[in-house]
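Combine the two chains into a complex, taking the hints into account.
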Amino acid sequence: DTAVSQTPKYLVTQMGNDKSIKCEQNLGHDTMYWYKQDSKKFLKIMFSYNNKELIINETVPNRFSPKSPDKAHLNLHINSLELGDSAVYFCASSQGTFRGGNTIYFGEGSWLTVV
Amino acid sequence: AQRVTQPEKLLSVFKGAPVELKCNYSYSGSPELFWYVQYSRQRLQLLLRHISRESIKGFTADLNKGETSFHLKKPFAQEEDSAMYYCALSRFFTGGGNKLTFGTGTQLKVEL
Chain A
1 DTAVSQTPKY LVTQMGNDKS IKCEQNLGHD TMYWYKQDSK KFLKIMFSYN
51 NKELIINETV PNRFSPKSPD KAHLNLHINS LELGDSAVYF CASSQGTFRG
101 GNTIYFGEGS WLTVV
Chain B
1 AQRVTQPEKL LSVFKGAPVE LKCNYSYSGS PELFWYVQYS RQRLQLLLRH
51 ISRESIKGFT ADLNKGETSF HLKKPFAQEE DSAMYYCALS RFFTGGGNKL
101 TFGTGTQLKV EL
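Chains A and B are the protein sequences, given in the same order.
The opening position of the first sequence corresponds to residue 1 in our numbering, with each subsequent residue numbered one higher.
The opening position of the second sequence corresponds to residue 1 in our numbering, with each subsequent residue numbered one higher.
In short, the hints are calculated from the structure, not lab data.
You may find that some hints are simply not true.
[Unchecked claim] Below, in silico cross-link-like pairs of lysine to aspartate or glutamate (EDC-like), each with a Cα-Cα straight-line distance of 16 Å or less:
| # | chain 1 | residue 1 | chain 2 | residue 2 |
| --- | --- | --- | --- | --- |
| 1 | B | Lys-22 | B | Glu-80 |
| 2 | A | Lys-41 | A | Glu-108 |
| 3 | B | Lys-99 | A | Asp-30 |
| 4 | A | Lys-19 | A | Asp-85 |
| 5 | A | Lys-52 | A | Asp-85 |
| 6 | B | Lys-99 | A | Glu-58 |
| 7 | A | Lys-67 | A | Glu-108 |
| 8 | A | Lys-40 | B | Glu-8 |
| 9 | A | Lys-22 | A | Glu-108 |
| 10 | A | Lys-41 | B | Glu-67 |
| 11 | A | Lys-52 | A | Glu-24 |
| 12 | B | Lys-73 | B | Asp-62 |
Isolated chain B, as found in the complex (with noise of 0.2 Å):
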């Protein structure tokens, strides 16, 4: 089975303070690794994979598997960063697609 935690479901900050959104995950496989992004009442959109190892927006995730986490992180935090953050551990079907299962989300806060 395959299991994603987010342990904060709040996490507050100020403008220019370092931000870390913790993701661990528990899967039998050789893992895939995703951080999405919903700004208020709008769509999931994708912010990192951890196949490509690219930084969007400031932010960067490392795949650890000895502790299981891909958390992401963020040097200094802006006040468009505000937004729910969900990790997704993603498992392929042979009979094609994917089978993303989400954590329970960080609601990260930016505060001025």
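This is chain A alone, in the form it adopts within the complex (with noise of 0.2 Å):
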């Protein structure tokens, strides 16, 4: 069983273009991440949802905007792509309600080029 399963894995578009990444966990967890990690390998974080609700906005462009439609899906959506935003894109889960211990799990990752 597959505990964060995240689709497409790989995704190879032109600029310009919309495309969304969808995401879904079977851990029955309360939180769910969007992580990216460049070229140079450097992982950030983009956003998290809390019982579908957005809990963490970092900084990131209006041309991405996450969809929680139940908490067991965090689905990311990229308008008008541009080359910069290739790079991978990791959806997480956490238990996500108490401080202390929190692991968080990664799907696969969906690794998106943008020409």
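Next up, the structure:
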């Protein structure tokens, strides 16, 4: 059973297009995240949602819009794709309800290439 | 503000040699620290968290608040340890969830 699954795994698209990456977790967690790993392997949080509510929004361009239809899903929609958006996008989840020892579980990543 | 520093971008050791991956942090509160490992083109996997004080795959890490460090150590490196290692600092949000701030990562290469 895959705990955090995201689709598609690979996505090649042209500049200016709009694309979505979907994420689902079956761990019963309350909190979900999107992280971005750039070409230099730097990892940075983009968003987090807790029970469908936005908690963290890390100065991401508003071309990126997360949507959480329920607490098991957090999708990422990107408008007007730019070359600089090429990266690996990781979805993740955690229990999120208490401080201390909150392990964050990551999906396998979605490799986005904008040409 | 929270910050994590991993000074080595690449660490190359021979099989059987000791390994130490350095991690320093700055954080005004009580830190919660983790080590994550990423094998080639795979997901990030939790390796260690300082709260549990466990040893996974022979790796250990001790939180040193005086030196603000959380170095990852293994006495004898194995070929399968070759991977990217990230140190991360967690901050809890009262609205729910945690924000992980990652270091820049250290690529460990174990040579035969």
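Exercise. Could you check the structure against the hints above and give me the numbers of any it violates, in ascending order?
Key: Violated: hints 1, 5, 7 and 10.
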